[in-house]
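Novice: As a plain string of letters, each chain reads:
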Amino acid sequence: MSLELLLAAAFGGSLLTYLLGKISSGLRDGFAVFVSVILVAMIAGLYGKIGAVTSYYHFMGLELTLRISPLSWFFAMAVSTLGALSVIFSLSYMRDRERTDFYYLMMLLINASMLGIVFSGDLVSFFIFWEMMSWSTFLLISYNRGSALAAGMKYIVFSIIGSMAMLIGMLSLYAVYQTVNIYMLSNLVSSASPGYLLFLLIVFGTAFAIKNAIMPLHTWLPDAYAEAPSPFTAVLSGMLTRMGVYGFLMIMYVIIGSVQTLNMGYGLLKFNYILAWLGAVTIVIPTFIAMLQNDAKKLLAWHGIGQGGYMVLGIAYGTNLGLAGGIFHTLNHAIYIVLLFMSVAAVQYRTGGERDLNSMGGLIKKMPIAFIGALFGISGLIGLPLTNGFVSKWLIYKTLILNGSPFLAFTALIGTWGTILSVYKFLHNLFLGQLPEKYKDIKKSPVNMQIPIVILSLTILLFGILPGLPLKVINSIIASFGFKSLNVTLWGIVSETGSLNTINLFAAILTGCVIIWLILKTGPKSVSASQENTYAAGASIPEGKYHYTVDFYNPFYRMIKPYLKDFMDIFYFKLAGWTQTLCNIVRKTYTGYVGHYVTYIVLFLAVLIFMQLKWSLW
Amino acid sequence: MQIIAMILSPILALIIGIFFLGLSRKMMARIHWRYGPPWTQPIIDIIRLFSQKSVTHGHLFNLGLILSLAGSIVVILFIPVGRIHPLSDSGGMLVILYMLLLAPLGLALSGGEAANPNTSIGISRQLILALGYEVPLLLILLALMTHYETISIVEIVFRQQYAGWALLSSPLVLSGIGYISIMPAILGIRPFEVVQAPQEISSGPMVEYGGPYLALATIQHALNLFIGIALFVNLFLGGAGNPLFFFIKMLVVFVLGIFINAALPRLRIEQAVQYLWRWPTLLALVGLIVVIVMKSVSAG
Amino acid sequence: MDRNQLNKWLKTPAKMGHKYSLHAVYFCTGCGIIEVPPSITARWDAERFGVLPVATPRQANLFLITGYVSVKTLRAIIRTYEQMPEPKFTVGFGSCPINGGMYWDSYNTIKHLDKYIPVDGWIAGCMPRPEAIFVAVTHLWTLIDKDMADGYKRYRKNYQAYRENQERALGKLEWPPLFSIGGKG
Amino acid sequence: MNDFGLFLNGINPVLFIVVPLGFAFGIPLLGMISKKIVKWVPVFVYSFVLVGALSNIPDVLDKPIIIQIGGFVPPFGINLVAGPVGILFSALIAFAGLMVSIYAVVYIKEGPEVRYHILYLLLLTGAMGVVLTGDIFNLFVFFEILCISSYTLVGYFGNKSGIESAVKYLIQGAIGSSLLLIGIGLLYGLFGTLNMADLARQISSADPVTVFIPMALMITGLGVEAALFPLNAWLPDAHSSAPSSISAILSGIAIEVGLYAVIRILFTIFGISDFIMFFVFLGVLTLLIGEMCAFSQNNIKRMLAYSSIGQIGLMVFAFAIATSHAVAGGLFQMISHTLGKGLLFMAAGYMIIRSGSMKTASFEGMGKRMPLTCVAFTIGAFSIVGLPPFIGFPSKFLIIQSALAKGTVLFTILTGLVLMGTVIEGAYFFRIVQVIYFKKGNGDSERNEAPIAALIPMFLFTAVIIIIGIYPKFVLGILDSAASELLNQIDYIRSVLG
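Protein chains in written order, with the working numbering: chain A, 1 to 618; chain B, 1 to 300; chain C, 1 to 185; chain D, 1 to 498.
Just so you know, these hints were derived from the structure itself, not from any lab. Take the hints with a grain of salt, since some may be wrong.
As the list claims (entries may be wrong) - In silico DSS-like cross-links for lysine-lysine, where the CA-CA straight-line distance does not exceed 27 Å: (1) A:Lys-588 <-> D:Lys-359; (2) A:Lys-588 <-> A:Lys-574; (3) B:Lys-53 <-> C:Lys-8.
Can you build the whole structure from these sequences, using the hints too?
Specialist: Following this line, the structure appears as structure tokens:
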């Protein structure tokens, strides 16, 4: 199966879905699911066909190619699977909303362009697909109207800045080496001067840091995540943002190569070291800001930024463990964040779009599957043992500790503890605690929402217990970057400096649970009590009058709130304001008075002549 | 052999933990100039609780508690007690750090479903307190792991048996003092008893537990005591060659803890976090820097 | 005190457990509570009998009604009692719960507590001294031994009658019974 | 010379000028017969011109077509030079002219219609003459035809703002024309010839200081029409008060013809073959100021007009780099700007009619009311910003590539500034797209699409934008030879003078 066919199916499928939507919505839904599922199958079929290059088009005298590498297969698989699950999830979420055809078109288009990005064999195709992804994402972020518009604007402005930086880098590479083929460049670039390589890393790095929301460039993300339609937020957070990670991997380890990248700079001022620190800052600050959020999606969005920090930290650190951890974390993060957003979306679907954490609670009794999704999701996000997030974080921590970066390890670890606080608040305020009166008659989530949630929950567990499955693929990726591959078994990592064995852990926890459960069983059988039957100093609580999830960590908030403003966001807003003012001032050059205009003409002529006489330009 | 160790080590921990609970009640009474209950009182309580009929608030209410206790048991399997350490080669220190999360999180989930305001307040305090002491604790553990260049707790213990206790060795002494200063918070005893605070929020996360649930929660508490102290003994007091010596070391540490518990009143949660983020963190930070500097000096 | 007799423990562990682990719900209903702090602290040390105040009814098996019961308090007492896990024991403390005591003619005081919840024993006096609490506790041990402290069973059996009494005094109670009646559970 | 093109082959470029001119004067006569026929005249004329221009492409790639008017040999007689540049521009003018004239069939409903069509034909005739002529005075004459008809068309609606901006335009345009004329006069005085090729041959041996003054005068004079900063102050007023069809032509054709004249004079007559730092800076400055002004606008047509200034800046930047790639990129940018901006103005024209206001805020909910027009507008906007797979991407790609190929730090920084302009451009265009699609309109929301005759040109523009965006090689060939014609002075002289 060739890659052109794959991409043609992806892009053609999206357009066809749109056209079918004009005929019948049922047909469209079915076809959208069909297309996205068939893509998963096609990509799965590509497993092992590494290195197949197809040249599909000539653009401006450049040969545009597609290529499968272990890295691109890995990302493509994740993209297509999560895309398919989101489409399935969307079926009922989007049913009664306006412009559904447009929604599916964009959803599938974004999916297709992400596949294009990862399969690109040259930078121009990469850039083209990247741009297509950017503008279609912009359209979909703005879909919800209202405050979504500002979020969309923020996103697209950042995104354009990023793509322009990338354009400079790409074209300067082309100007120097006369090729944009990634694999040809990787042979040529390694001999370039360090200054030029640093320039490349900075311009490409800006683009990818914006997409991956690394700390000073992150501010587009919370609003965009919060305002986009929830099933799309899942895709946005799961894979689209992580195209930045793909980009970092590509520029750092494919094009420039590990040797050059890791030796760039002097002493502590090494490029990868600075990037790792940026990643570390990105872990800590957003994680703590997430605690202050009262909007379910915004809370998750801030975690999206924080988790991105782990990935960058892992891959920037530049050891085989770190790299494997970073790449694995990308996958894991995608799985659990998609799951979390889906759970939120399921709740939103039933509660009429509510995402204010302060006004919900107790939904576990009404929407058990959504709760299970959220529970597995937050376990993965925290990185509890037996979930996939644990393994990747373990890899990153281990390399940070053993390679002598305890402070980086500290930031990464403390990020985890910050995560616990905010995600527990998330889970508690949505699903635990008191069920408000108005949600007494809420229904379960529909089956098509339950299916993806269950699949993803099981995947979290599967990859947590048998991390060897994805790590085998990741091993081949890091081997292709020229690193030593890890000694991976199906259920862990073997090494002299401390190994991991998840199956033992699993067995131990399972046995422990079973034994305790049996002990609990031997005691007198307990009676189930309603939520009104709780101890409140003997008082009975009037129904629907008591709700206490507001300000969950209030004492702590009071302590940290002054320090945890999003200063960068404030700065960017000021910057935008200044730009606006500057533009207005510039606009004043056109006074509307024709006398001034004539003066301009005369002055221009005078300056021209003066310059010639003074400096003789011609 | 390993199977025996696996069974033995939680049981040992349970016995020691419950003994500590009883001992603490007795000792507290003596410090208060009372006669006090017999040291077997916790066992009596547990027996009584198991015979009582309780209420449950849902599946998560049960599951959370089970998970929490199982988490504690698994942590014990990772911690060397003397030379018994059945699972420590399956992940080392980092797994312990993460498994320690299961206990509070399980309780939090279970308590969350109880839909009781006191539970929520208690959990909120518990998590804040955990964040409070994790900051110095992580710094301390990183200092240890950096110093010994391993993430395996067995290796750390092993190295100390040659090179002497970490608490007394020059680069780690600050970290050791830091650990002592946060241990009451780890164990959840006064002055860091904000989580339970019976007089204030009706024993917080436990407010809806009765009968067997409370029994399990008590056991969990006992195991937590064991884990907190055993970690210190292993990390800073060089572990021990056999369980008896280990027990003696733990006993000494625990008695110290009881004195602190009996002497001090309770801090508010903000005060607790402020304390934890000030002096112990400073100590731990300086300790970590000292370790790094010493390392780079000795490396050349 | 047969606390240290192992054979008894092996024979009837539950009963022994209840005897020697009486956790009292820390619920201050009236002025009698003033006698509780001395009895649990250094002077009289109730803990040596295994009596310990706990914060919530879920954890308790002993309910001390310490002093007069107003109409308002009765609601809370009923809820608290119903939330305690079985087996559970109630002890009326002071003369007020028995017959109203000095408030015998007050419009707002409940005169006979045992009309509303079953009471396993009374401690008479106004105030009873802390020692009286320990006498009551030892009496309760005997009652438990002889299976005579069966107030909770009576409550369950005659719940309808109790509930009628309660509603006569308090008006309609808005909550269903907070424990399971009969064989269920 | 293939066999199929017997009658297509070599339609004489003179006809591109003569036929429209003839019809322009014939329109009053036709108008006496039927007013309905009049509006179709430009359509037929420019269909013919378009076919003619396209039919010449194979020939001119081979060698330029030189036509001597009245049979006089070049230095003495007036001649037309239809090289790749000329044919490229005439094809572009013909295509845009045809499309806009189709659009105007329904768009122009009120006012002096007959005169509109006459002036429209004259405007395009002027433009066509400028790009085809090989004689500098002839260039001035055609330029005046272009300018005068556009002054009149700007004031077409006869309202206050229209007249005001027409007068402003007239004043500045007249000053520009006079400067141009003085420059030409000086050159004639110096060299005694008006033929471009002849001038070029003689100037290369002349004293640079002597020729500088006429050059400065000519650049300034043409710069007014080419909308170089700070000579472009007439542009926002004129473009925004003109009818949208005329705005499309002014933005898409008129200023680009002005810019063509500037570069033709610089490259061909004065033989500048290296990059010109002054114009590089001027281009970046024009770009940034144009984009920044556009950013702070909330009047859609003014915004589009300022955006045109920005685009002109980008073209100047490209031409000033003066490598063959860069000049090809500049020419490509001209094509993409003509298509993109023409599409935007046409779409905006009907959106303004439907909403009754030029304020961008009044376009809320337009996406529901006129979906096709809005899709066209969006694609135009995306193309101008330079997003793939639209035509703006390859053109911008080519320019940035050639700028970076210079390889100096200065050019990298300048490229960064240019791309910053793109960011601002993206910001305001995406803002409009949001307003159109994602803001709920408060007025009526029933579907009220633009008439079919207006949709056809929009559709064709869109199609071309996408097709060339995906297959830029359709135009790359002619762009390359056009660039080499512009840069290669000696070849030009040789082919004209023989």
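Novice: Determine for every hint whether it applies to the structure shown.
Specialist: Verification of the hints:
1. The hinted pair formed by Lys-588 of chain A and Lys-359 of chain D meets the criterion: a straight-line CA distance of about 19 Å does not exceed 27 Å.
2. Between the alpha carbons of Lys-588 of chain A and Lys-574 of chain A the distance comes to roughly 21 Å, so the proposed pair stays at or under 27 Å and holds.
3. With a C-alpha separation of about 22 Å, the suggested pair Lys-53 of chain B and Lys-8 of chain C falls inside the 27 Å cut-off, and the hint holds.
Checked against the numbered hints given earlier, the structure satisfies every one of them.
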